[in-house]
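One-letter residues, chain by chain:
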Amino acid sequence: MKSYTEYLWFNTPERFQIINITDKVQEIVTKSKIKEGFALVSAMHTSSSVYVSDDESGLKRDFQDFLDVLLPPDPKRYKHQHGADSNGDAHLRSILIHHESIVPVTNGKLDLGPWQQIFYGEFDGRRKIIGE
Amino acid sequence: MKSYTEYLWFNTPERFQIINITDKVQEIVTKSKIKEGFALVSAMHTSSSVYVSDDESGLKRDFQDFLDVLLPPDPKRYKHQHGADSNGDAHLRSILIHHESIVPVTNGKLDLGPWQQIFYGEFDGRRKIIGE
Amino acid sequence: MKSYTEYLWFNTPERFQIINITDKVQEIVTKSKIKEGFALVSAMHTSSSVYVSDDESGLKRDFQDFLDVLLPPDPKRYKHQHGADSNGDAHLRSILIHHESIVPVTNGKLDLGPWQQIFYGEFDGRRKIIGE
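Protein chains in written order, with the working numbering: chain A, 478 to 609; chain B, 478 to 609; chain C, 478 to 609.
I should point out that these hints are in silico values taken from the structure, not numbers from a laboratory.
Be aware that one or more of the hints could be misleading.
The list treats identical chains as interchangeable, and a pair is accepted whether it falls inside one copy or across any two copies.
Unchecked claim - No farther apart than 20 Å at their CA atoms in a straight line, the calculated lysine to aspartate or glutamate pairs in the DMTMM-like style are these:
{"no.": "1", "residue 1": "LYS512", "residue 2": "GLU483"}
{"no.": "2", "residue 1": "LYS556", "residue 2": "ASP542"}
{"no.": "3", "residue 1": "LYS586", "residue 2": "GLU483"}
{"no.": "4", "residue 1": "LYS479", "residue 2": "ASP588"}
{"no.": "5", "residue 1": "LYS556", "residue 2": "GLU533"}
{"no.": "6", "residue 1": "LYS556", "residue 2": "ASP532"}
{"no.": "7", "residue 1": "LYS553", "residue 2": "GLU533"}
{"no.": "8", "residue 1": "LYS479", "residue 2": "GLU513"}
{"no.": "9", "residue 1": "LYS556", "residue 2": "ASP545"}
{"no.": "10", "residue 1": "LYS510", "residue 2": "ASP500"}
{"no.": "11", "residue 1": "LYS501", "residue 2": "GLU533"}
{"no.": "12", "residue 1": "LYS586", "residue 2": "ASP532"}
Okay, chain A solo, but in the shape it has when bound:
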């Protein structure tokens, strides 16, 4: 099996941040020269997720609103301790949305539907983050 691994680093100025990484993943697929297979896009933080959706600004706000209601970013609500405070909301969001996505590669291209884009979602940003 041919395989190729690359690590990506992002800076996230906001605590909640959604980054469209489709072009970066396609570049890596092109560099790998893999024609048929898949790209495993896997976050390396326990407070972030990788998912596939539409790149539309209203939808990103809907996603944030939805998570803010379901898992409010209020440290007092969580038992999880992380240094001085709790970021339990970000960890539970990461479990819920999953740390990884797999995208098929066909003829050297990410085989996405017409509206599908790959997103890195950071739920406890304001620090360097890493994806693979």
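Position chains B and C against the provided structure of chain A, taking the given hints into account.
What follows is chains B and C alone, placed relative to chain A:
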């Protein structure tokens, strides 16, 4: 690496529709002659998901009821704009349930537990949909 | 493609049980002699999930609390029938958290972030369970 890709099309008369695609995926695995590996079943719509669960009619209704409470199908609640109206609920459901599932293949068979079946869930149907 | 499959069995004395299986998965990766690729960790029950998160006791309680609110373990709330009673909550939790996770393998090691661990979550335990 041996790989084989096939695209499936479904017609979904209902807006919310769950389709058991296990047999179709097994047929494709058989056709591929792959003995050891996995099947990546990936939806190509941003309003649909692929997941593994039990094929039981009560459970399908539970799943719909759960999503209807969590993400009500009411366009006014969402900022996402899609043509004339909003289908934000369907997009968020797709993110939540994920667009893809991976199923191990052992000795040419989908290596599922005794109750596991593969489902395509369309959350904004009434049009042609595609899976891979 | 080189591949290697192993089945794991767990006993779960509690109905809701989270098991850190990272070491077991790493052992299997080592045994497989696979250097570059990935590990597909797939639950074979329709009432369980595999996910990646932090191994912290407060977070595990947050996760249980979150699921208990979102999908209360009350058979009367679900239409799903399973033998004498309903375990619809466990099935919906399994769909939501997904039955499988994929972890990259680089140079023979699970390529996890510093806090990432692999968990098997059983939502209807008190019986033998199996993972692959």
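**OP:** Provide an ascending list of the numbers of those earlier hints which the structure does not satisfy.
**Re:** When the structure is compared with the hints, none of them turns out to be violated.
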